[in-house]
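Novice: The primary structure of each chain is shown beneath.
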Amino acid sequence: MRKVMTGHKAVAEAMRQIEPNVVAVYPITPQSEIAEYYAEYVHNGLVSTELVPVESEHSAMSACVGASAAGARVMTATASQGLALMVEILYIAASMRLPIVMALANRALSGPINIHCDHSDAYLARDAGAIQIFAESAQEAYDYTLIAQRLAEHNQVRLPAIVNLDGFTLTHSVQVVEPLDDEPAKKFVGSYKPIYPLLDVDNPSTWGPFAMPDYYFELKRAQVAGIEAVPETFLEVQKEYEKATGRNYRGFFEAYQLEDAERVLVVMGSTAGTAKVAVDELRAAGEKVGLLKVWLYRPFPYAEVAEALSHVKQVAVLDRAISFGAQGALYSDIATAFAHRDRRPALFNYIYGLGGRDTTTEHLTQTLSELKSARPGEELRYIGLRE
Amino acid sequence: MPVKEKKQAPPPEIAQGRHPMEKYLRTDRIPHIWCAGCGLGTTVSSFLYAMDNLGLDPDSVAVISGIGCTGRVAGYVRMDSYHTTHGRPIPFATGLKLAKPDMKAVVFSGDGDLFAIGGNHFIHAARRNLDINVICVNNLNYGMTGGQAGPTTPLGGRCTTSPYGNFEHPFNLVYLAASAGAPYVARWTSLDVRRLQRAIEEMLVRKGFAFLEIIAPCPTNYGRRNKLGEGLDELRYYAEHAVIEHGADPADTEILPGKDFLVGKFVDEEEPTYWEMYQDKVAELEGGRR
Chain W
1 MRKVMTGHKA VAEAMRQIEP NVVAVYPITP QSEIAEYYAE YVHNGLVSTE LVPVESEHSA
61 MSACVGASAA GARVMTATAS QGLALMVEIL YIAASMRLPI VMALANRALS GPINIHCDHS
121 DAYLARDAGA IQIFAESAQE AYDYTLIAQR LAEHNQVRLP AIVNLDGFTL THSVQVVEPL
181 DDEPAKKFVG SYKPIYPLLD VDNPSTWGPF AMPDYYFELK RAQVAGIEAV PETFLEVQKE
241 YEKATGRNYR GFFEAYQLED AERVLVVMGS TAGTAKVAVD ELRAAGEKVG LLKVWLYRPF
301 PYAEVAEALS HVKQVAVLDR AISFGAQGAL YSDIATAFAH RDRRPALFNY IYGLGGRDTT
361 TEHLTQTLSE LKSARPGEEL RYIGLRE
Chain Z
1001 MPVKEKKQAP PPEIAQGRHP MEKYLRTDRI PHIWCAGCGL GTTVSSFLYA MDNLGLDPDS
1061 VAVISGIGCT GRVAGYVRMD SYHTTHGRPI PFATGLKLAK PDMKAVVFSG DGDLFAIGGN
1121 HFIHAARRNL DINVICVNNL NYGMTGGQAG PTTPLGGRCT TSPYGNFEHP FNLVYLAASA
1181 GAPYVARWTS LDVRRLQRAI EEMLVRKGFA FLEIIAPCPT NYGRRNKLGE GLDELRYYAE
1241 HAVIEHGADP ADTEILPGKD FLVGKFVDEE EPTYWEMYQD KVAELEGGRR
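Residue numbers (the numbering used here), protein chains in the order written: chain W, 1 to 387; chain Z, 1001 to 1290.
Calculated from the structure, these hints are not laboratory results.
Errors might be hidden in some of the hints.
Which residues of chain Z face chain W? A few of them, derived with a C-beta cut under 7 Å, are [as the list claims (entries may be wrong)]: (1) Tyr-1142; (2) Thr-1145; (3) Thr-1161.
Computed footprint of chain W on chain Z, listed as stretches where at least three residues anywhere in the stretch have a Cβ under 8 Å from a Cβ of chain W [claimed, not checked]: (4) 1052–1062; (5) 1084–1094; (6) 1115–1123.
Quick reminder that beta carbons are idealized off the backbone N, C-alpha and C, glycines included.
Use the sequences and the hints to build the structure in full.
Specialist: Given below as structure tokens:
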């Protein structure tokens, strides 16, 4: 049934249906309401979850790691500085192959302090070893929370997963969302079967031991196997989701008017919605433009993205964070995707929307238009910046 | 016979809609973001009056805040000020104080910032007797993020994350500070504007770690959810329930909903400060030469 709700509520609803054993969470704007909704579910007896209102995000992720190693299904949510505080433990969660699923209400990192959206927090956790998925809408945030749970807990994967949703734009705005009924949702997610749980006292195991130069390297290599299992599993889980729900999420990204496009925007998150309007406007004027919206950001689907963009003349890659001293993180991925291909579009790197700066349809139609005559180069270009 | 109140003309700035202490305020940042009935305005005023009464040069005082409603204090005062990340005003003040021992470092932050995410730093600064002032405005919940239960939420307190009442033991901040070794520990409410001013003056001129807890209303979040009424009703509650008992045993200063609670100066001792002990150690290693 279609309902009207915020992104917060959409994520909280997915969490309610997943019904983790433990949720450890600390308030931070613009995430707090996810925790508040979930607290309500816990205190009203709608879920059997143990809610741990910890004293910081560092403790939140630490509690998640403890509970997950013990064999529990575990979830959390955070944003920006909260994720920054979690990152130390997020690396450990990934290395211990703990399928902790979390919503990240994307918000700019300090400083200066800012509470509005950009993707600097997601980029900060880029190399942590967690799966990262970006949602365009509250609906996608809901669907991908369920999908992420299956993906993270898949036996070949067993990794933490982050579902990114743009702070305020998606978390606070009220949108039409069609959640699944509880039964099919619960059936799709299934129950969690931990391996080597600490609480299996008959088969004692050690978690988090020291690794010297003699084994550390091999253990990190073994972790690669987990993240390498993600793409195939991602497609599998998408298919199962389609079977269960009729919702056809197909592939690592959404291709919008891409097939015959000559100029293309690549974006992640809610700006894809704005980009679709921009593409529609220019298409109506007879221009061959399109959009590639990334869903699966980590692991990055290099080959598939390169394949999808190989016929394009110019590509504007939009990064919602600066990677100081380097090209934008998403741009770098796209450029890497073409490293071994002869046929490649001209690539342009645009930085946009930092600290919640609005990006409008006009900004994006202008970006697509200026691509026609733009000279390729490595300089960063900025959208909507006063200079 | 009723005492005849002497009518005193208000400072002329008030009639002009200005703050009498605006020389210490970044007027371009005003109006502030705090809610009607919040205790922070009077709390900051008391601090500014204390500065004024002592004739302190604003260049000699730094105000350091964390994150949260009280975290905004640093942004409003026209002094060297720093708005740190969540929970870290004390480490910042530690660095500042050691780099510039002559400067007064005033940490102005909330209960969530200082005692949850930054709790560790508080006990260590108190243990070291670092020469800083810590003013904690305690509104019993995380106000800025919408009223979640925190480390000072009383048992039974209703918050967005404890809709049927908090069941976790809260900290008694006075007892905690005293136990951690703070040589100056006081508590007042945001109703006690003159006592607050005097306490802050004492803290500003004394050596060593000084801790002041200010109980303040949060009518928008904690007050509303716990049916405590408007800000003024909470001040009435303080007037009826805050009992002054200087020198009371910090263990007896617990705050329980609906019960009288103690305010006053509970600890006031002279202990060698971190800086003095550091200098003594240097002198000892240098064979008594300073």
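Novice: If a hint holds in the structure, say so; if it doesn't, say that too.
Specialist: Verification of the hints:
Annotation: Z/Tyr-1142 was flagged as interfacial toward chain W, and the flag holds, the nearest CB pair being 5 Å apart, inside 7 Å. Given the 7 Å rule on beta carbons, the hint for Z/Thr-1145 holds: about 4 Å separates it from the nearest Cβ of chain W. Proximity of Z/Thr-1161 to chain W holds as hinted, the smallest CB-CB distance being about 4 Å (cut-off 7 Å). Residues of the region 1052–1062 of chain Z with a Cβ under 8 Å from some Cβ of chain W number 0, which does not satisfy the need for three, so the listed coverage is violated.
Check result for the region 1084–1094 of chain Z against chain W: holds, 3 residues qualifying (beta carbon to beta carbon below 8 Å, three or more required). Coverage of the region 1115–1123 of chain Z by chain W holds. Counting CB-CB distances below 8 Å, 3 residues qualify, and the rule asks for three or more.
In terms of the numbered hints stated before, the structure departs from hint 4 and from no other.
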